[in-house]
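Q: Sequence:
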Amino acid sequence: MQIKALPVGAMGTNCYLLEDESTNAAAVVDPGGDAGRILAQLRADGMTVRAILLTHAHFDHTGAVSELRQALPGVPVYLHPADAALLGSDIFPPIGATVPYDEGDALTVGSLTVRVLHTPGHTPGGVTLLAGDALFTGDTLFQGSMGRTDFAGGSYEAILASLRRLGQLSGDYQVLPGHMDVSTLERERRSNYYLMEALEG
9 MQIKALPVGA
19 MGTNCYLLED
29 ESTNAAAVVD
39 PGGDAGRILA
49 QLRADGMTVR
59 AILLTHAHFD
69 HTGAVSELRQ
79 ALPGVPVYLH
89 PADAALLGSD
99 IFPPIGATVP
109 YDEGDALTVG
119 SLTVRVLHTP
129 GHTPGGVTLL
139 AGDALFTGDT
149 LFQGSMGRTD
159 FAGGSYEAIL
169 ASLRRLGQLS
179 GDYQVLPGHM
189 DVSTLERERR
199 SNYYLMEALE
209 G
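First residue of the sequence shown? That's 9 in our numbering, and the numbers climb one at a time after it.
There could be a bad hint or two in this list.
[What the hints assert, rightly or not] Here are the simulated distance ranges between beta carbons: (1) 52 to 197: 30 to 40 Å; (2) 163 to 189: 23 to 33 Å; (3) 199 to 78: 20 to 30 Å; (4) 102 to 204: 34 to 44 Å; (5) 99 to 52: 30 to 40 Å; (6) 12 to 75: 14 to 24 Å; (7) 107 to 209: 26 to 36 Å; (8) 102 to 207: 17 to 27 Å; (9) 32 to 198: 34 to 44 Å; (10) 141 to 45: 21 to 31 Å; (11) 197 to 140: 28 to 38 Å; (12) 119 to 177: 32 to 42 Å; (13) 107 to 204: 27 to 37 Å.
To be clear, the hints were calculated from the coordinates, so they are not data collected in a lab. All C-beta atoms in this analysis are idealised placements derived from N, C-alpha and C, irrespective of residue type, glycine included.
Let the hints inform the model, and build the full structure from the sequences given.
A: The following block contains the structure:
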């Protein structure tokens with residue numbers, strides 16, 4: 009398993025390429041923009057895209073979905089139904105049909121298994137994706153911070169519950185957030201005010 013991070017779009021959102029070198033299968037996580045750059049990297053790596061996985065449906069995480077659909081016909085776009093229900097506004101722009109996934113679901117990308125954790129708070133349908141030792145946390149958990157809850161559908165109480173859940177996972181993981189730098193779950197347990205608040209609650 010290899011993971012490549014590409015800051016994309018006007019906000020520099022972290023798009024991740026989850027690649028299985030043994031089968032040359034890949035998933036694109038949160039393609040927020042720059043579809044051409046994403047496709048060029050996949051071609052350079054010799055990968056075939058099997059899925060587009062969205063941690064949530066804000067525009068800065070979905071901006072390249074339409075172009076990727078045109079270039080990758082038939083590739084499913086996965087989104088939690090609570091966010092799919094909000095599509096059609098400036099902050100949740102329409103992206104076409106999506107395949108629902110939810111708590112407890114497991115997807116395969118080549119020989120890799122991606123497990124879905126429903127982690128609402130930033131949006132009602134926010135998810136964290138667990139693959140191997142990697143947690144794709146979207147805008148739920150950042151290095152030293154957490155996602156905003158003042159947008160439509162946001163909830164401070166819900167995101168604290170989601171952070172508590174992530175913090176209580178057994179062991180350590182790479183934390184691959186939607187913005188800012190990567191971290192580890194153990195580092196965030198020790199130094200992230202919001203995660204510490206959540207774990208004390």
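Q: So which hints don't hold here, by number, going up?
A: Violated hints: 3, 8, 11 and 12; rest satisfied.
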